[in-house]
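Undergrad: Protein chains in written order, with the numbering used here: chain A, 1240 to 1394; chain B, 4 to 746.
Note that these hints are calculated values from the structure, not bench results.
For clarity, every value in this text was computed on a predicted model and none was experimentally measured.
All C-beta atoms in this analysis are idealised placements derived from N, C-alpha and C, irrespective of residue type, glycine included.
Hints are supplied without guarantee of correctness; some may be wrong.
[Stated by the list, open to error] A few chain B residues that face chain A, going by a derived Cβ cut-off under 8 Å, partial list only: (1) K205; (2) E267; (3) D644; (4) D677; (5) M686.
The residues making up each chain are set out below.
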Amino acid sequence: MTISLKVNGAIHSVPAEPDTPLLYVLRNDLALNGAKFGCGLGQCGACTVLIDGEPVRSCVTPTGMLTDSEVTTIEGLGTIEKPHPLQQAFVDEQAAQCGYCINGMLMTAKALLAQTPHPTDAQVRAGLALNLCRCGTHNRIVRAVLRAADVMGRS
Amino acid sequence: MNAPILSRRAFTAGAGAIVLAFSLDPKHALAEGAKLPGDLQENRRLDAWIRIDADGSATVFTGKVELGQGIVTALAQIAAEELDLPLARVHVISGDTARAPNEGVTAGSQSVEYSGTALRFAGAEVRAILLDAAAKKLAVAPDTLTVSAGTISAADGRQVTYGELAAAIDLERDATAKFPPKPAQTHTIVGTSVKRFDIPRKVTGGAAYVQDMRPAGMLHGRVVRPPRYGSRLDSVDDAAAKAMPGVVAVVRDGSFLGVVAAREEQAIAARAALIKSAKWTLGPPLPDPAKIHEYLLSLPTEDNVISENRAPALASTPSGAQVSTQILEATYRRPYMSHASIGPSCSLAVFTDGKLTVWTHSQGVFPNRAKVAEALGMNVADVREIHTEGSGCYGHNGADDVALDAALLARAVPGRPVRVQWMRDDEFGWEPYGAAMVMKAKATLSAGRIVDWSYDVWSNTHSTRPTEPGGVNLLASWYLADAKKPAPPRNIPQPAGGGDRNAIPLYDFPRQRVVNHLIKEMPLRVSALRTLGAYANVFALESFMDELALAAGADPVAFRLAHLTDPRAHAVIAAAAKSAGWRPGEQGGEGRGRGIGFAKYKNLASYVAVIAEIEVDHTSGMVRVPRAFAAVDSGQIINPDGLANQVEGGIVQSTSWTLKEEVRFTPDGIVSRDWESYPILTMPEVPHVEVELIGRPSERPLGAGECSQGPMVAAIANAFAHATGRRLRELPLTPARVKAALG
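Taking the hints into account, I'd like the entire structure generated from these sequences.
TA: This is the structure we're talking about:
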């Protein structure tokens, strides 16, 4: 069985069953490292991607549902050479320790800033309430999102 | 190759620095045959640490590994500084049993101290060897040469680069540590907030973790754990699992069960089917969780008086009049706590021509390799382990175990790499927890001072790492047909300590007695969780200091300072009090309060004082920590922002431990299996944290990864008492416990 889906602007055909969680297709078939397996239960947010601009837990999203959708992963935002302002802000604030949760933080923040381009500190915290971080990097993550909002607002 | 003869003259310019280096740390005395500094002592060859490449860059080798703490960047800073190379031309190889020095385990906030010190001295020596080679080549005296960015220049303008000298120098020899590292005031790379090497790829989806490896032909593995500890696998329908799509192998060895499949979701589906069909003879039930501390106290212990000072009791004044005294006693408890890594442990293994290669995020690839080999009945030389980052571990989580799981599954499919990641319930259910503990404190107050102090701590061991001798501390090995036995538990001895880490107060008491009680029976699997016993001991000790201050009618900050002589301890407490705007005698109330906690981690590393603010909702029992102020003295600072990041992280993690965390279980087994049954602090609950760094460039650099958790729990507990007038002595400070205390 093959499924086709559109990720970061390109259409892919993958040899997976329709009920395969998107996370495994992204990571193993498309070699996209960004989204991470954290719980497989939709609880921690490490696997977050955008589907038609909305943050979604790819570990519990069947790939077969997505034939008409646009999937955006962290790789679709920018690259090491040409990072998205959010990615650059996370580097500037050194907003990572182990970094395993950062994909989810960053992708959720991307959707948050699309809705609320100039969030307050409290709005960023509320917007990231369902993404877990274990290293205790939260305050830097909030600062990075606020910095990115500032940069994006000026550009 | 002839070893260059190093002229003493080359180092006359550094003579002042030699004196300085001696005076800094007598331990680093550089006499012939003396102990070499840091981990040079165990790995003496220069080329074990540093090689100069033909392109003029340096490759630096370290046995310490990146766990998200930024150590690789910090060590590169140290090497670049001593070698006079730009940071971009220093490449780090870490944690590879085929290439890196054996530095044991990356733990205990010791990497900068041990690996960093080794690289500092090795770097200084390699630079001297390069200078000597340049002097010969240019036919000038070494002390006329200058170095900049790996280019050595003579006074007449002739130059030679490190790359041009690379083939002419001999680093295949033991370090002497006779070449003094640079004095701190000349540092240009060390002491600056260099940005971490690993973050750009972590925020752009670059390959950063062992989870991101997918070599050609890779298969996916999953394991099936028993319902609870010590269970025996009686039967399983492996034929049905083998018939499932993509399944390549079902591996059963005794009670170890796993599956290998072409696709990850196929391995997960087959695991689910195997769980359903497996029949087990259950291991012994777990103790009653409601009485776990009483149960632990009822077990046999190995007791050890770790500090005793029996100055004459202040029984009477010179005039013979009886001095009025007050005796206080209190008992404190901490629960089992999980490492709760965001990403479950993962490993990739391939078994080819009788040799095994394992990519692992183990904290100690050398000790882990030894035990993986033993479990598999292989020669250690036939196993290579290569550290590759995983999710943050915070101590001994499932990393070591999954390496053996991957090896066992890879052995069943020779030539094919197998990547195994534990499922969320594997990690929560089977990792070794931080041990539950009981601390009893008793003290005598006289004229506002503590004149007698007694403290007892009961705990299981805080290290069942694969480093432990006399057994195999790897989970799967206990379930194989040829089952291995775990190593007998023992306490990590003082001065670092295990369960008794930070059990000896830094305060000066005329009489004190501190006793460690090691409980050898382990009803739940336990091992090293960040800080080991220090988190609980600092909680107990610093809570009790506040209880005594209250009884003495003293301000908690002033009371501490009155019992401390160490000036660096004074400095961090004073700095935290200043940054928090602490007012002596300030009143808490209406659910708001502030508290202080202080410790010198392990009594031999960083000094930290934290003041936390707290808000208690009397109706819901919810505790919030809006802000925390910390002051830290880690001696010489290698990377200020990296240090601040570690301290902030420790404070937030400690807040989570303190307010929320305990492993739930019943006699049937572990109940905490996901983030709902083991909740941690969420973004809106995280305190704002301000960290003040007190740099001491002329002091030894001290580890900081674990320095703030103890002071933070104490600050929260003391703030709770300040806010409510009630003392909570059992962790965590859950709404139920808070409501019960506030009645």
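Undergrad: Take the hints in turn and mark each one as holding or not.
TA: We went through each hint and held it up to the structure:
| no. | hint | result |
| --- | --- | --- |
| 1 | K205 | holds, 4 Å |
| 2 | E267 | holds, 5 Å |
| 3 | D644 | holds, 6 Å |
| 4 | D677 | holds, 6 Å |
| 5 | M686 | holds, 4 Å |
In this structure, every one of the numbered hints holds.
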